[in-house]
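2 protein chains.
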Amino acid sequence: MRREKLKLKVKALGISTGGPLVAVINEEDAKILDLHPSDRIKIFHGENFETTVVDIAKRSSRIPKGSIGAMDELSDSMNLKDNSLVTIKVARKPLSLDYIKKKLDGYHLSREEIEQIIWDIVHNKLSDVELTFFISACYCNPNTMDETVWLTKAMAQEGQILKLNKKVIIDKHSIGGIPGNRTTMILVPIMAAAGYTMPKTSSRAITSPAGTADTMEVLAKVIFPFQKMKDIISKANTCIVWGGALNLAPADDKIINVEKTLMIDAESQLLASIMAKKHSVKSTHVIIDIPVGPNTKITDLRKAKNLEKKFRQLGKKLGMEIKVILTDGKQPIGNGIGPALEARDVLKVLRQDIGRPLDLEKKCLLMAANLFRILGKEDGLNIARKILKTGKAYEKMKQIIKLQKGAPNIKPEEIPLAKFEYDMIAKKTGKIKSINNLSIAKLARIAGAPKNQGAGIYLYKHIGNNIRKGEKILTVYSGTKEGINYVRDSLGSMADIVVY
Amino acid sequence: MRREKLKLKVKALGISTGGPLVAVINEEDAKILDLHPSDRIKIFHGENFETTVVDIAKRSSRIPKGSIGAMDELSDSMNLKDNSLVTIKVARKPLSLDYIKKKLDGYHLSREEIEQIIWDIVHNKLSDVELTFFISACYCNPNTMDETVWLTKAMAQEGQILKLNKKVIIDKHSIGGIPGNRTTMILVPIMAAAGYTMPKTSSRAITSPAGTADTMEVLAKVIFPFQKMKDIISKANTCIVWGGALNLAPADDKIINVEKTLMIDAESQLLASIMAKKHSVKSTHVIIDIPVGPNTKITDLRKAKNLEKKFRQLGKKLGMEIKVILTDGKQPIGNGIGPALEARDVLKVLRQDIGRPLDLEKKCLLMAANLFRILGKEDGLNIARKILKTGKAYEKMKQIIKLQKGAPNIKPEEIPLAKFEYDMIAKKTGKIKSINNLSIAKLARIAGAPKNQGAGIYLYKHIGNNIRKGEKILTVYSGTKEGINYVRDSLGSMADIVVY
Chain A
119 MRREKLKLKV KALGISTGGP LVAVINEEDA KILDLHPSDR IKIFHGENFE
169 TTVVDIAKRS SRIPKGSIGA MDELSDSMNL KDNSLVTIKV ARKPLSLDYI
219 KKKLDGYHLS REEIEQIIWD IVHNKLSDVE LTFFISACYC NPNTMDETVW
269 LTKAMAQEGQ ILKLNKKVII DKHSIGGIPG NRTTMILVPI MAAAGYTMPK
319 TSSRAITSPA GTADTMEVLA KVIFPFQKMK DIISKANTCI VWGGALNLAP
369 ADDKIINVEK TLMIDAESQL LASIMAKKHS VKSTHVIIDI PVGPNTKITD
419 LRKAKNLEKK FRQLGKKLGM EIKVILTDGK QPIGNGIGPA LEARDVLKVL
469 RQDIGRPLDL EKKCLLMAAN LFRILGKEDG LNIARKILKT GKAYEKMKQI
519 IKLQKGAPNI KPEEIPLAKF EYDMIAKKTG KIKSINNLSI AKLARIAGAP
569 KNQGAGIYLY KHIGNNIRKG EKILTVYSGT KEGINYVRDS LGSMADIVVY
Chain B
119 MRREKLKLKV KALGISTGGP LVAVINEEDA KILDLHPSDR IKIFHGENFE
169 TTVVDIAKRS SRIPKGSIGA MDELSDSMNL KDNSLVTIKV ARKPLSLDYI
219 KKKLDGYHLS REEIEQIIWD IVHNKLSDVE LTFFISACYC NPNTMDETVW
269 LTKAMAQEGQ ILKLNKKVII DKHSIGGIPG NRTTMILVPI MAAAGYTMPK
319 TSSRAITSPA GTADTMEVLA KVIFPFQKMK DIISKANTCI VWGGALNLAP
369 ADDKIINVEK TLMIDAESQL LASIMAKKHS VKSTHVIIDI PVGPNTKITD
419 LRKAKNLEKK FRQLGKKLGM EIKVILTDGK QPIGNGIGPA LEARDVLKVL
469 RQDIGRPLDL EKKCLLMAAN LFRILGKEDG LNIARKILKT GKAYEKMKQI
519 IKLQKGAPNI KPEEIPLAKF EYDMIAKKTG KIKSINNLSI AKLARIAGAP
569 KNQGAGIYLY KHIGNNIRKG EKILTVYSGT KEGINYVRDS LGSMADIVVY
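Protein chains in written order, with the working numbering: chain A, 119 to 618; chain B, 119 to 618.
These aren't lab readings, by the way, just hints derived from the structure by calculation. Just so it is clear, the structure is predicted and the values come from calculations on it, not from any experiment. Be a bit skeptical, because a hint or two may be false.
Identical chains blur together in the list; that is why a pair holds if it fits in one copy or across any two.
What the hints assert, rightly or not - With a straight-line Cα cutoff of 27 Å, these simulated BS3-like cross-link-like pairs (lysine-lysine) come out: (1) 199 / 183; (2) 428 / 219; (3) 211 / 372; (4) 427 / 520; (5) 428 / 149; (6) 378 / 160; (7) 219 / 378; (8) 421 / 529.
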């Protein structure tokens, strides 16, 4: 017959689910409580209790009858140890499941329903399967603009919020996919030097050779507790830190993790994901860079323009002034690809060194000009250029590096690169016809970036440049000889750079 | 820098995923191979190799650098033990993922694409998240009839196929949700006694108080290896066994498991699920019973008729003659609810005992008559009635029970019931207005069915019957006093039986 509760002995499994709170119980015990996979149980331990998803072990040496296996997230959350005694009871399933089914059936969700779903995601109350149903539902039955606004706000609210008590707070975002596109580290010092507050949180590379956080980490620390970040901002009016350490819009990471499985990226999810982070820091003026090109995230102009419109609509509903620019995404920006090489490029531009990557500088100035325009300054391009030329942006960057415990006076050429090199040489004289973003990113990763900061690729040429037979097209840097060989073998098989 | 392969030491985790082959590796090792969650690795061990989903442990005491955690399905499949040494390499993701994305994007799938997806599901190559994306895709973008045919065939082909070398093979299916609806155990002996081949595989209860396999198990064994089942059929022309032990259309169970999470049931999935099992046993003539009622699976007549049409279309494409009957699903069928009580009902009908449940008998005769009609016999109702009246059906059932190692001569009243009883008494004189299928099923489960075979509910009355104050409406049977108390408490709070 059924029982209402059971006393079980904990086995700490020492394995992490990567999110959901999951307890594993034996099939026999499941029968006693009439529990089925994906049912919920309430676990009581001393004065603590927690509701979790239940997994039923069909036959398991680790979870005999009378025991309960706790995945790391659960052990941590309830402070459970091996042999702790807990009591479990059947619990109601989260309300979210009804709302997810509703969305899957093509109905629109209310603000409250979306808030409940996001709360459950953030608090690890949904299993991966349930979260996947939600993501599929939003993918197949695209969110309305209202739903997207509620999703964005809910994602921001269920995380850390930065309150700076400033009238104007600026921010930027570049849609990914372009190697070397390190505009943040130049744009931020320009705007901050102009007196604007720009609390910048950046991401690390997932499948690219370097994220802004990885590149900034070459020059300074990027991991700070929330309060410490606020201190830095109060001194420099800005910061360039890793957002991953700050719990901003935490639902987003969990959603992206599932989306990656099929490489899907629902438009409304992309919008909410980006804007939730801007909303978390209470941005008022934001520039969004959408690179358009054959081997990048947004491949066609019609889609880019539609996205631009949506960003503006969403911004309006969130009380933000948004400027979207569609930029040339057909090749990498700058010369260096990989954290150290990109940090060198950034410093060269800020220091106005000879031989600095002018394409990167130009793009940053364009972004600054557009930001100044929505801030009410028509002469933005000249203001930005002046800030850069006079060294004010570089001074600001040195202040940021110092506050973030780095070495402000390091010179570009002092930044160490990986010790093995390999040059790719032009086999004929001609012009560079194309450089494939995906191939370059992949080669730089094979070389070891971003894990090895000094690994990566240095590009000597861009599309349209003349090249002579025997001239270097690029240099690969890797920490090991094997790495170099591996890249060299891959270079042959990839149509990465075409000379014609 | 990246490496191409790694040698790792196995940790047998002693936990089952319930399906997918999953290996867990340390975050550090993942970086070396540039692996991300849901990527695939190929594992080499001696002469064996296997491709699995990789899970990345962010911080785990159980999976230090240099080790690889194997979930039970993987350990079993490759015969891995603690401290076995294996080599791993990055593997390509399954082609299915592209097809699943295609379906999610609203495109139709080809036969080959569906076959690949089903192959990957059966061989545990898809993670739960990936499988959920497939199920969502089919739910949001319903399968065409062609897709449903291919899905049905693929699900059957990727499992055990029963080849009996008979021109006519008959089968039946009842859509679930009606407690006591044990028609199989009466219909099968009638049809087999009439000389037809009817290799019946049945399911166990999932959320109901008894499945046909649970009820048959009161009288005989129901778990047989495939070859043994064939032997039984060769002697009796029929059998009544548990399909779960036979690996028929195994993809179906995995799909249903995920669907249960949100209680969704895509129509095309329901069709494929039922028909794949008929296709696996090469059925030629099939009767499908769709009960329609307020507390059952199919609640409205329009939906039932649409389903009827689809079943016929699908049958045609599969070369099966299908007869669908829409039956009254507003109350339980028969008197007993729970394995032993239902087995008693079945034997009473087969023995033509006084006091047998006439509603159950009538329904079985109706189903037999419809089967005879599609088999070309117009006088089916009389044939079936005669087979039942003359005891031929009972003799056939005794033969089946004997071949399945049961006690063929057991009398209904000799079947043991749970020892504690509780009578629900009418508080006023009147007529039975309604009996809620869901409540009755839940009460019988609370009493202990199907785990305790003797537990359940005996209904003395059906809708429309007169009842006097003080008369018994039902008796509850449970293995413990606590069970009785629990049911009694629940009886008060449920609008299970309304007398007016």
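Hint check:
| no. | hint | in the structure |
| --- | --- | --- |
| 1 | 199 / 183 | both (18 Å within a copy, 23 Å between copies) |
| 2 | 428 / 219 | both (26 Å within a copy, 24 Å between copies) |
| 3 | 211 / 372 | both (20 Å within a copy, 21 Å between copies) |
| 4 | 427 / 520 | neither (39 Å within a copy, 74 Å between copies) |
| 5 | 428 / 149 | neither (50 Å within a copy, 36 Å between copies) |
| 6 | 378 / 160 | between (31 Å within a copy, 20 Å between copies) |
| 7 | 219 / 378 | both (22 Å within a copy, 12 Å between copies) |
| 8 | 421 / 529 | neither (41 Å within a copy, 73 Å between copies) |
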